[in-house]
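On the provided structure of chain W, position chain C as indicated by the hints.
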Amino acid sequence: MSTMVKYEEKPLKIVGTRPIRPDGVDKVTGRARFAADYSLPGQLIGKVLRSPHAHARIKSVDTTAAQSLPGVKAVVTRDDFADMPSEFAAAGELTINFRDVTRNMMAREKVLYDGHPVAAVAAISESIAREALKLIKVEYEVLPHVIDVVEAMKPDAPLLHEEQFTDGVTPKPDKPSNIAKRLVFARGDLEAGFKQADIVVEREFNTKPVHQGYIEPQACLASASEDGQVELWTGTQGHFVFRAQCAKVLQMDVGKLRVVPTELGGGFGGKNNIYTEPLAIALSRKSHRPVKMVMTREEVFRATGPTSGANVKVKIGCTKDGRIIAAEAELNFQAGAFAGSSVGMACPCTFTRYDIDNVKVVGHDVTVNRPKVAAYRAPGAPIIVFGVESVIDELAKTLGIDPIEFRLKNAAKEGTQTYYGPKLGPIGYIETLNKAKAHPHYSAPLGLNQGRGIATGFWFNIGMETSSRLNVNEDGTVTLIMGTVDVAGGSRASMAMMVAEELGIAYDRVRPVIGDTTTLGFNFITAGSRGTFAGGMAAVLSARQAIERLRQRVAQIREVALEDVLWKDGSAVPAPGSAKQFTPMSLVEIARMAGKTGGSISGQSEINAQGAGPGFCTHIVDVEVDKQTGAVKILRYTIVQDVGKAIHPAYVEGQMQGAAVQGIGWSLNEEYFYGADGVLQNPGFLDYRVPVASDVPYIDTVIVEVPNPNHPYGVRGCGEVSIIPPIAAISNAINNAMGVRLRSQPMSPPVVLKALGEAAGGKSKG
Amino acid sequence: MYFLITLLGSMEIGEKMSEMRYEAPKTLDAAVALLAGANGRARILAGGTDVVIQMRSGRIEPELLVDLKGIPEMMAIAAENGGFRFGAAVSGLDLIEHKALANAWPGVIDSVNLIGSLQVRARASVGGNLCNASPAADSVPALIAAGARVSIVGPKGKRDAPVEEIPTGPGKTSLAKGEIVVSFLLPKRPAHSGDAYLRFTPRTEMDIAVVGAGVNLTLDGGGICREARVCLGAVADRALLVPEAAAALIGSKVDAPALDRMAAAASAACRPIDDKRGTREFRIKVAGVMARRAAELALTRARGN
Numbered sequence: 106m107s108t109m110v111k112y113e114e115k116p117l118k119i120v121g122t123r124p125i126r127p128d129g130v131d132k133v134t135g136r137a138r139f140a141a142d143y144s145l146p147g148q149l150i151g152k153v154l155r156s157p158h159a160h161a162r163i164k165s166v167d168t169t170a171a172q173s174l175p176g177v178k179a180v181v182t183r184d185d186f187a188d189m190p191s192e193f194a195a196a197g198e199l200t201i202n203f204r205d206v207t208r209n210m211m212a213r214e215k216v217l218y219d220g221h222p223v224a225a226v227a228a229i230s231e232s233i234a235r236e237a238l239k240l241i242k243v244e245y246e247v248l249p250h251v252i253d254v255v256e257a258m259k260p261d262a263p264l265l266h267e268e269q270f271t272d273g274v275t276p277k278p279d280k281p282s283n284i285a286k287r288l289v290f291a292r293g294d295l296e297a298g299f300k301q302a303d304i305v306v307e308r309e310f311n312t313k314p315v316h317q318g319y320i321e322p323q324a325c326l327a328s329a330s331e332d333g334q335v336e337l338w339t340g341t342q343g344h345f346v347f348r349a350q351c352a353k354v355l356q357m358d359v360g361k362l363r364v365v366p367t368e369l370g371g372g373f374g375g376k377n378n379i380y381t382e383p384l385a386i387a388l389s390r391k392s393h394r395p396v397k398m399v400m401t402r403e404e405v406f407r408a409t410g411p412t413s414g415a416n417v418k419v420k421i422g423c424t425k426d427g428r429i430i431a432a433e434a435e436l437n438f439q440a441g442a443f444a445g446s447s448v449g450m451a452c453p454c455t456f457t458r459y460d461i462d463n464v465k466v467v468g469h470d471v472t473v474n475r476p477k478v479a480a481y482r483a484p485g486a487p488i489i490v491f492g493v494e495s496v497i498d499e500l501a502k503t504l505g506i507d508p509i510e511f512r513l514k515n516a517a518k519e520g521t522q523t524y525y526g527p528k529l530g531p532i533g534y535i536e537t538l539n540k541a542k543a544h545p546h547y548s549a550p551l552g553l554n555q556g557r558g559i560a561t562g563f564w565f566n567i568g569m570e571t572s573s574r575l576n577v578n579e580d581g582t583v584t585l586i587m588g589t590v591d592v593a594g595g596s597r598a599s600m601a602m603m604v605a606e607e608l609g610i611a612y613d614r615v616r617p618v619i620g621d622t623t624t625l626g627f628n629f630i631t632a633g634s635r636g637t638f639a640g641g642m643a644a645v646l647s648a649r650q651a652i653e654r655l656r657q658r659v660a661q662i663r664e665v666a667l668e669d670v671l672w673k674d675g676s677a678v679p680a681p682g683s684a685k686q687f688t689p690m691s692l693v694e695i696a697r698m699a700g701k702t703g704g705s706i707s708g709q710s711e712i713n714a715q716g717a718g719p720g721f722c723t724h725i726v727d728v729e730v731d732k733q734t735g736a737v738k739i740l741r742y743t744i745v746q747d748v749g750k751a752i753h754p755a756y757v758e759g760q761m762q763g764a765a766v767q768g769i770g771w772s773l774n775e776e777y778f779y780g781a782d783g784v785l786q787n788p789g790f791l792d793y794r795v796p797v798a799s800d801v802p803y804i805d806t807v808i809v810e811v812p813n814p815n816h817p818y819g820v821r822g823c824g825e826v827s828i829i830p831p832i833a834a835i836s837n838a839i840n841n842a843m844g845v846r847l848r849s850q851p852m853s854p855p856v857v858l859k860a861l862g863e864a865a866g867g868k869s870k871g
Numbered sequence: 054m055y056f057l058i059t060l061l062g063s064m065e066i067g068e069k070m071s072e073m074r075y076e077a078p079k080t081l082d083a084a085v086a087l088l089a090g091a092n093g094r095a096r097i098l099a100g101g102t103d104v105v106i107q108m109r110s111g112r113i114e115p116e117l118l119v120d121l122k123g124i125p126e127m128m129a130i131a132a133e134n135g136g137f138r139f140g141a142a143v144s145g146l147d148l149i150e151h152k153a154l155a156n157a158w159p160g161v162i163d164s165v166n167l168i169g170s171l172q173v174r175a176r177a178s179v180g181g182n183l184c185n186a187s188p189a190a191d192s193v194p195a196l197i198a199a200g201a202r203v204s205i206v207g208p209k210g211k212r213d214a215p216v217e218e219i220p221t222g223p224g225k226t227s228l229a230k231g232e233i234v235v236s237f238l239l240p241k242r243p244a245h246s247g248d249a250y251l252r253f254t255p256r257t258e259m260d261i262a263v264v265g266a267g268v269n270l271t272l273d274g275g276g277i278c279r280e281a282r283v284c285l286g287a288v289a290d291r292a293l294l295v296p297e298a299a300a301a302l303i304g305s306k307v308d309a310p311a312l313d314r315m316a317a318a319a320s321a322a323c324r325p326i327d328d329k330r331g332t333r334e335f336r337i338k339v340a341g342v343m344a345r346r347a348a349e350l351a352l353t354r355a356r357g358n
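Read top to bottom, the protein sequences are chains W and C. FYI, in this note's numbering the residues of the first sequence are 106 to 871. FYI, in this note's numbering the residues of the second sequence are 54 to 358.
Be aware that one or more of the hints could be misleading.
Claimed, not checked - Heads up, simulated DMTMM-like pairs for lysine to aspartate or glutamate below, C-alpha to C-alpha not over 25 Å straight-line: (1) W/542 <-> W/114; (2) C/329 <-> W/321; (3) W/239 <-> C/273; (4) W/239 <-> C/114.
What the hints assert, rightly or not - Partial list, derived from the structure: chain C residues whose beta carbon lies under 7 Å from chain W: (5) 257; (6) 258; (7) 323; (8) 329; (9) 332.
These aren't lab readings, by the way, just hints derived from the structure by calculation. The beta-carbon is built from N, C-alpha and C at its ideal position, and this holds for glycine as well.
The following block holds chain W by itself, in its conformation from the complex (with noise of 0.2 Å):
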């Protein structure tokens, strides 16, 4: 059972508006709690001991020392937690394997990169925990090691998994492979398609990994009772997610486990998995102590999840009028230590904004010695769509058609067929295009060495399981209990929004709140770009249901049917034309009198949404390129891109505004640097360089608003789609700046200079 709710377009008083946040305050004075900010009386410090290299069989751990060291109260390595069979989850957009999970929490036969763990500690204080992981002898036996995704695609690559065949390939091959899984996605006849291509470009492109760069380090404070029973805080995308997969671990009841979501500094998929909660309670079980654990920002670089470095080939045919007919695209996506990169999201991503009759997209998902992948907002979308959009770009310069006007020609639309198996519904890509074709910036003049790129992109979004309570207050107010986390977009506005203009009462009477997982059932993940979406989706629901037992309320009161009685504006009115009219009576007022009329009121809602409207977006850049040094300046930048209806337009607008920042480090500094030793050497924001404010421009936005209609706002999800364009967006304007094309990621100034300096020995392909 799956729930959609129609779209009704209606006048709307508060939707629209742009109120303050409901956790504003707290978070400009400093209030606010981060999962850091947590303590209990008695706590210890847990700290981690991780391996120092890429690769290496654990030949001994020895704890001894560290265990008599005064003030080390427990220590745990792999001896402490139960091996886990193969099983498969749902984490966010990717898929979790429990005996990864368990692998990857603590290395068990192996260490899989640098950075993994080993052994934890928990003492009385850090420099305690800290002396104590020095005490730890771990022998290694130092293997071969891989790093890079089309090393680890060769047969004689060192192999990370003896246990891993390739899944997905007939028959089932003899060898094991680094190579997880081969996925296809076709449609048509790609042979036939290009055959009539009157031009075909192909091209490879390079991407490295980059990290969602969530400016909060992971935290967690766990304390374990004797009876089994276990409290955590932990900084999540999922408090339930993050409940399922430490029971699962740990080999505890659910209902045993309280999971309490702290505010959020930044996640953007990177924390839709476990990390070091399961370590706090099983050093918190062995100690009886609470444990705190909180992750340096070297260990946020060396051992929580970046996105995928890839390898990717693009192959476009089209006509000469610039009508696509085949497209074909190779995706080679690094999982890290353990299978399940986002490469099955990118797949389906790779043309779906172009309506093609013969499409074939194989992926393969590959391990490699770097920490396992995370989700990173719009997971996958971004690399694959750097090559198309590079195409693409090339395509229309090659035809000298307007690149705007060549992506329209194939534009997809209502209707259009995908490869990856649905039609697509009401979805707003045209207008996008042609809002972006009309923006001053697309024809406002260039200087020299400057130059404009287009690129678009294409999300799906997701609904699923979400649940939330409304109670009204005794006088009035209304307390919203939301299951799905506030990821610092600002959805708790919006909840609150929504709930304040079913009810018809002022928005600052709506206090929204995150509860913890003993208050509501299950809760997915805040990812896909769900949370306003299915979020909204409940809280409406709830709402609804509040307002219908508020109507039974006045019903009995007022002793009519209960079809007399209407809700409007915030009060109980009889129906129009009805029989037996009464005096209104406002939610304030039925408010006073619950508990003598029935006891208090509220609304609930348990779903499972479906129905999420796929986001697309056109992005507009202009860079100029110093030609001596290679620097890339972002001279202007503009958004457009189809929200389905954006409740609170200033956090959408920030939402667009945040994706594209993130693109821009993403496609112009972002690395990891690992040595010949398969060490990474730049674990921290010195060296891994995000942009700071000063390098990007103020980001225009551009909302389109083409509703969903299986959302009673028509809201689709907007916090995606945005990261997806600016790599591509950046190299075209590059190429139209300077002539050369970069097909590899991140566009840093040596790899721009070398490849101007290439270009002006003739060297370049252009």
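Relative to the frame of chain W, chain C by itself:
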């Protein structure tokens, strides 16, 4: 004053743990005695923007920290023989806000202004920047180009030295055990002088130099360059004074051919490494570009006074 502090986290009374001594002497003699007498790992603390980070990361574990900010000579800025003497522990921000010094040495001030963030500059000192001995330190090439000298005290008394003689390699200096850099002397400026420091970083700020270039020059009344010093950062194991680059400017009007020769000489002097901050090839090319741009800015400044 003497007390024990524990770093990094809370501690329960009675629990044994590693201890560190912190001292804040009021005189140079006392500081020298402490450092010379230390039998273990001693570190000087000025702004702490390098030392504290290194301690937190576990890279260093000092047994003794000697905080020099209580010593008057370390914290003063004063005119001296037409130039300026400033204490090695003076914060970057105090230097930047010293109008007379900033007017005389805009390039030195530009270099200090590029260090870290505003918060970092409020703590970080030029003495620390020099003695941390990072080849990428921003203020060092500017000071070397400026012809700055340092005054040093140690167990064997006082000495002074040109700035370029202090760093000897990454994290290494020519200072003997117990020696402290007390102050910097920026010389008197002849008329028609100008200095500049520019660096290349992938980000616009909050970054570390991939290449830095400090240029200081003096013109005669006819606009001919009579004195020049060119110093490069982040292209060798320490800041590199490049006399060949300066020679290309001296005697010229700092015109395009002279700048071309100067840039080529700067690039030719580089002996950089390939690392996460830039490739060897990139650094060599961009060193010439930065030196040229710095010379152009120094020229504009020299013509303006």
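Going through the hints against the structure:
no.: 1; hint: W/542 <-> W/114; result: 28 Å, violated
no.: 2; hint: C/329 <-> W/321; result: 24 Å, holds
no.: 3; hint: W/239 <-> C/273; result: 63 Å, violated
no.: 4; hint: W/239 <-> C/114; result: 14 Å, holds
no.: 5; hint: 257; result: 4 Å, holds
no.: 6; hint: 258; result: 6 Å, holds
no.: 7; hint: 323; result: 14 Å, violated
no.: 8; hint: 329; result: 4 Å, holds
no.: 9; hint: 332; result: 5 Å, holds
When held up to the earlier numbered hints, the structure conflicts with 1, 3, 7 and fits the remainder.
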